[in-house]
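**Q** Sequence:
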Amino acid sequence: MVLFTLQNKNNTETSTMVRRTKADAEATRCTILDAAEQLFYEQGVSRTTLEKIARAAGVTRGAIYWHFTDKADLFNAMLERIRLPFRQMLSELDHSTETDPFLRIRDVMIRSLEIVGQSEQHRRVLTIVFHRCEYIDELNPAVRQQEHLNNEVHDTMQRAFTRAAKVGLLNPAITPALAASALNAYLGGLIAKYLLHPEQCDLANHAAELIDGLLLGLKKPD
Numbered sequence: 051m052v053l054f055t056l057q058n059k060n061n062t063e064t065s066t067m068v069r070r071t072k073a074d075a076e077a078t079r080c081t082i083l084d085a086a087e088q089l090f091y092e093q094g095v096s097r098t099t100l101e102k103i104a105r106a107a108g109v110t111r112g113a114i115y116w117h118f119t120d121k122a123d124l125f126n127a128m129l130e131r132i133r134l135p136f137r138q139m140l141s142e143l144d145h146s147t148e149t150d151p152f153l154r155i156r157d158v159m160i161r162s163l164e165i166v167g168q169s170e171q172h173r174r175v176l177t178i179v180f181h182r183c184e185y186i187d188e189l190n191p192a193v194r195q196q197e198h199l200n201n202e203v204h205d206t207m208q209r210a211f212t213r214a215a216k217v218g219l220l221n222p223a224i225t226p227a228l229a230a231s232a233l234n235a236y237l238g239g240l241i242a243k244y245l246l247h248p249e250q251c252d253l254a255n256h257a258a259e260l261i262d263g264l265l266l267g268l269k270k271p272d
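My numbering numbers the first residue of the sequence shown as 51 and each following residue consecutively.
These are calculated hints, taken from the structure and not from any lab test. Here the structure is a predicted model, which means the values were calculated and not measured. Do not rely on the hints blindly, as some may be mistaken.
Stated by the list, open to error - Below, a list of computed lysine-lysine pairs in the DSSO-like style, where the Cα atoms sit at most 30 Å apart:
#1 K72 x K102
#2 K270 x K243
#3 K269 x K243
#4 K216 x K269
Throw the hints in and build the complete structure from the sequences for me.
**A** Shown next as structure tokens:
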């Protein structure tokens, strides 16, 4: 009985230690990502070395390599932290059963712009992507990941506009593929402008008006 009690105690202590170790490792990973994000934003990606990130995070370079394969892997992990809500919205759009696909397209696009306008982290990371990132060889894996997401956005939009065309709601002068390209380019342009001149393009408060202006031209006239 005593032996059984001791074994249970040892198992409990081991389990607690494992949980604490995992929590500590995750905290270190987040600290590294936070430091990288801030330095990429302040100095640009090419001028930010892993050594600088390690110093800013208060860890060794070995700790960085424990969590990330290289700078491109770290860069991509930073992007993944803001991609999740957008992926969820794309999934909602793809599985929507709205009789008017434009309603769901509008909702997803407005929410996307509002996230950028309201979230400091999203603004910082997107500023890095749009204005602080030189797509050099060492970032090629991360660039491919971003291109994959861009293609995913386009394909999801095209499928939504195809559904709109089937129910007679898409402007017959434009194809679903062109509508998706136009919306994608428009969103990218809005975000790029907002990041440089937020006073000229208030995404937090005027996302609906900005999206409605474009969708009006894509929808079949009444």
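**Q** Hint by hint, note whether the structure agrees.
**A** For each hint, the structure was consulted:
This hinted pair checks out: K72 and K102 have alpha carbons roughly 25 Å apart, not beyond 30 Å. For the proposed pair K270 and K243, the alpha carbon gap of about 28 Å is at most 30 Å, so the pair holds. The hinted pair formed by K269 and K243 meets the criterion: a straight-line CA distance of about 25 Å does not exceed 30 Å. Of the pairs offered as hints, the one joining K216 and K269 holds, with about 13 Å between alpha carbons and a cut-off of 30 Å not exceeded.
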